[in-house]
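Asker: One-letter residues, chain by chain:
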Amino acid sequence: MTGDFAAQDELQLLQDSARRVLADACPLKELSAGGADAVAIAARHWQLAKAMGWPGLMVPESAGGAGMGCRGLAILAEEMGAQFFCGPFLATAVVGPAIAALAGRRGRMTGLARAIAEGATVLAGAAVPAGGQWIAAAPELGVENDAAPRLSGTRELVEHPALATHFLALEIVRRGADRVGLLAAPVPAGTGVVSVPRQAFDVSCPIASIRFERAAVAPGDVLSVELSLDALTALLRPVHVAIAAELVGVAQSALDRAVAYAKERRQFGQPIGAFQAIKHRLADAFVLVANARLAVRQAARGDDEPASVEAARLLAAEAALKAAGDYIQVQGGMGISWESDAHLHLKRARRLAAAFGTSQGFRQALVDRFVASVLSPPVPPVHQGAGSA
Amino acid sequence: MTCVETAAPDAAPAHPGPGVQAIVELPDDAQFRAAVRDWLDRALRALAGADFGRAAMHEMRFRRRWEDHLCQAGWSGLGWPRRHGGKELSLPRQAIFHEEYARLQAPLPVNMIGHGIVGPTLLLYGSEEQKQRFLPPLLLNREVWCQGYSEPGAGSDLASLTTRAVRADRFYRLSGQKIWTSFANVADWCFVLARTDPAQKRHGGISVLLVDLRSPGVTVRPIRQITGEADYNEVFFDDVRVPAENLVGGENNGWGIAMAAAGFERGTYFAPRIVRLQAELEEFVRLAAATPFEGGRAVDHPSVREHLARLVVDVHALRLNVQEILHQATSGTPPGAEGSAVKLLWSETHQRLLDLAMDILGPHVQLGPQEPAAPREGRWQRDYLWTRAETILAGTSEIMRNIIAERALGLPR
Ligand SMILES: Cc1cc2nc3c(=O)[nH]c(=O)nc-3n(C[C@H](O)[C@H](O)[C@H](O)COP(=O)(O)OP(=O)(O)OC[C@H]3O[C@@H](n4cnc5c(N)ncnc54)[C@H](O)[C@@H]3O)c2cc1C
Chain B
1 MTGDFAAQDE LQLLQDSARR VLADACPLKE LSAGGADAVA IAARHWQLAK AMGWPGLMVP
61 ESAGGAGMGC RGLAILAEEM GAQFFCGPFL ATAVVGPAIA ALAGRRGRMT GLARAIAEGA
121 TVLAGAAVPA GGQWIAAAPE LGVENDAAPR LSGTRELVEH PALATHFLAL EIVRRGADRV
181 GLLAAPVPAG TGVVSVPRQA FDVSCPIASI RFERAAVAPG DVLSVELSLD ALTALLRPVH
241 VAIAAELVGV AQSALDRAVA YAKERRQFGQ PIGAFQAIKH RLADAFVLVA NARLAVRQAA
301 RGDDEPASVE AARLLAAEAA LKAAGDYIQV QGGMGISWES DAHLHLKRAR RLAAAFGTSQ
361 GFRQALVDRF VASVLSPPVP PVHQGAGSA
Chain S
1001 MTCVETAAPD AAPAHPGPGV QAIVELPDDA QFRAAVRDWL DRALRALAGA DFGRAAMHEM
1061 RFRRRWEDHL CQAGWSGLGW PRRHGGKELS LPRQAIFHEE YARLQAPLPV NMIGHGIVGP
1121 TLLLYGSEEQ KQRFLPPLLL NREVWCQGYS EPGAGSDLAS LTTRAVRADR FYRLSGQKIW
1181 TSFANVADWC FVLARTDPAQ KRHGGISVLL VDLRSPGVTV RPIRQITGEA DYNEVFFDDV
1241 RVPAENLVGG ENNGWGIAMA AAGFERGTYF APRIVRLQAE LEEFVRLAAA TPFEGGRAVD
1301 HPSVREHLAR LVVDVHALRL NVQEILHQAT SGTPPGAEGS AVKLLWSETH QRLLDLAMDI
1361 LGPHVQLGPQ EPAAPREGRW QRDYLWTRAE TILAGTSEIM RNIIAERALG LPR
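For the protein sequence lines, the chains are B and S, in the order given.
Residue numbers for the first sequence follow this note's numbering, beginning at 1 and rising by one.
Residue numbers for the second sequence follow this note's numbering, beginning at 1001 and rising by one.
Here chain B stands alone, though its shape is the one from the complex (with noise of 0.2 Å):
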């Protein structure tokens, strides 16, 4: 109980600092002014993040990490949400200690957890194949010479390379019906690595394709495994979760400016808030948010609750998707405009909803299982005991 208290206290000083800094940073302003320069933004960001800690947020305390664990992601995800942070936050912080404790149980990526919490490491993420789907039917990327690997291929969709010191190739390859391959290897930016900047839907996130040309991975760097797609799952929650988490940060600042918009404008002599109308769509935005705030923290704590990931991944999306259409539409003409900060809410929803997978992927994930669950429950432990017939 004292623990837990602890723990507590600990989350609410996390989200304190969080949201104090955060706020001061916040970019808003600077983007919908226009001509902002976001790898500029990005970079700054950073160093704020280096300075707070967050990059070693996930890795353990061991490696001189803070092991704060997912309930902690979510609450430090949700601020930077709400507060539009730029930077390289899910693949280094959260990606990055994953793979890297998934490839330390085998010996491999022995330093990165450790390079992470310091600093020297920034990874930018390099999962999605040319083909865009996030598990790919056949591989795409090749190593040669596992004494000294080369790594082939490409990536799209790199967010913020600029900053990185290392791409981390991740590859992830459907193998039957329920096991996946996984391969991954944080390859360091220069030479055979050859990066071809793309205009990016989000503005706030830069985005490069990559492709590698034999490009050098230091020896014990490279890691593939063969996993079950449940233990895929296990092994990105803490992926889901951040990424669950700042979909619920953009939901709630979009419907909190559109609320704020909608007790100023006047037009037929009233607020427009005070019409029915307005008022029912924001309550129906003020539902989904909670509801996907509880759904994102629940998944954080990982009972044994097997809908909570997905749940959190779909409730999320659609809270954070409804929340920056209804801002739009409730600022009417100013909410077409760029110089509003409302499309930069779409846009970073948008960008989010398909990061490591697809709405319709959870929904199909989560009925699967819930069907499988009625329709053949778990068969109950046989009693054991002495005379029983």
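Please keep in mind that the hints were generated in silico from the structure rather than gathered at the bench.
Idealized CB from N, CA, C, for every residue including glycine.
Honestly, I wouldn't trust all of these hints.
Stated by the list, open to error - What the simulated footprint calls covered on chain S by chain B, stretch by stretch (three residues with Cβ under 8 Å from a Cβ of chain B suffice, anywhere in the stretch; the number is not a length):
{"id": "1", "segment": "1147-1161"}
{"id": "2", "segment": "1218-1230"}
{"id": "3", "segment": "1295-1309"}
{"id": "4", "segment": "1361-1367"}
{"id": "5", "segment": "1401-1408"}
Unchecked claim - Away from chain B, derived, C-beta distances all over 12 Å, residues of chain S:
{"id": "6", "residue": "Pro-1018"}
{"id": "7", "residue": "Arg-1033"}
{"id": "8", "residue": "Arg-1037"}
{"id": "9", "residue": "Leu-1040"}
{"id": "10", "residue": "Arg-1082"}
{"id": "11", "residue": "Leu-1124"}
{"id": "12", "residue": "Pro-1198"}
{"id": "13", "residue": "Arg-1202"}
{"id": "14", "residue": "Gly-1204"}
{"id": "15", "residue": "Asp-1314"}
{"id": "16", "residue": "His-1316"}
{"id": "17", "residue": "Arg-1379"}
{"id": "18", "residue": "Pro-1412"}
{"id": "19", "residue": "Arg-1413"}
Claimed, not checked - With the C-beta cut set under 10 Å, the calculated list includes, among others, these residues of chain S facing chain B:
{"id": "20", "residue": "Leu-1281"}
{"id": "21", "residue": "Val-1312"}
{"id": "22", "residue": "Val-1313"}
{"id": "23", "residue": "Thr-1333"}
{"id": "24", "residue": "Ala-1337"}
{"id": "25", "residue": "Asp-1355"}
{"id": "26", "residue": "Met-1358"}
{"id": "27", "residue": "Glu-1398"}
Starting from the structure of chain B, add chain S with the ligand where the hints point.
Answerer: What follows is chain S with the ligand alone, placed relative to chain B:
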């Protein structure tokens, strides 16, 4: 009054196992839950006999028998203080009881107004005489209550009610009409909101009166509902004499009392509803697996699965909301608009679930809600129709959205 259907209290059937008091005193919540589950299961099977699990179990006559049985065995006043005959169970334990009740798909209670509204109101606002008079029969379920708020001219705008109570010596003379009064046809007493001071507008000038439905001048006329059942009623008061000692909490204080009463079940109101919803969702999956549909099984149809996913997510969210509300109520956090949010989401989710069930029943929807040959003896049809009521009763969805917008978001009235 006309039209009283009193069920004779049945001799309690035997239900072996620990008594209620022993269960209540179990130190551990998990043990408590297991014992409650076991007790309820045995008791309901014993009382229902061959009707266990059948539609007959959900008819008014059996509902009343079952509720009498429970209360007389000691399962009443769960949260009330001991000195008033209650069990003083913590909120989480009350929630456990209601959850287990729902999990068993036990018949819905009849006297929910009595146990959920009238008892707690009297404990808080009633005079000592009122407590002495009304609480003991309520604990034994000997008197059933109904709630006379809505009127033909005052529904969502309840504060516009016009039923009049005029003080004359040691009586109030009550005149007016109530409508949609659930259970008035089986109730003994009515918890009435009436205007005692017409000079005060709206929320002022309203009082709570406890009205004996057997008084001269009371007429109860059942109204047939879309399900074919007649559980709600018109109640006419034609110069009914109500003893002045049946005024609750002082004259013209009725609005505040009614609002407080609406919050009494905070923490435990939704827990059983969500458990039932979850059980119905599972029941739906079994139905869909057994229903041929568009060349396959309904459960495999992509459109059915899409809708099902939405329902699974919403039920999950509802469960988390209920935990949160229970947690807040237990730790004494004052209520916000979350009750309205849960009412809204619960009623609309339940409606979508039954919509989907009707979608997959195909031509079988033609079978009526009381047709024994229909799937689940017509319960899908019956519940489908009933879910239309849930977005209306206890505050319509539109009113819930207004409350959320005004109280949670601070938008102008
Ligand atoms: C099955 C059932 C059982 C009931 N049991 C009881 C009972 O035991 N005791 C009791 O007192 N009452 C009972 N009621 C009545 C219930 O509380 C009312 O029906 C409800 O409050 C709505 O009032 P109304 O029917 O007059 O509809 P109205 O208030 O006339 O509403 C009609 C429509 O207008 C909409 N509307 C009204 N005002 C607004 C607004 N401000 N903004 C937007 N839309 C609005 C409503 O949402 C609804 O869609 C019961 C109702 C049902 C269906």
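Asker: Provide an ascending list of the numbers of those earlier hints which the structure does not satisfy.
Answerer: Numbers 1, 2, 4, 15, 16, 18, 19, 23, 25, 26, in rising order.
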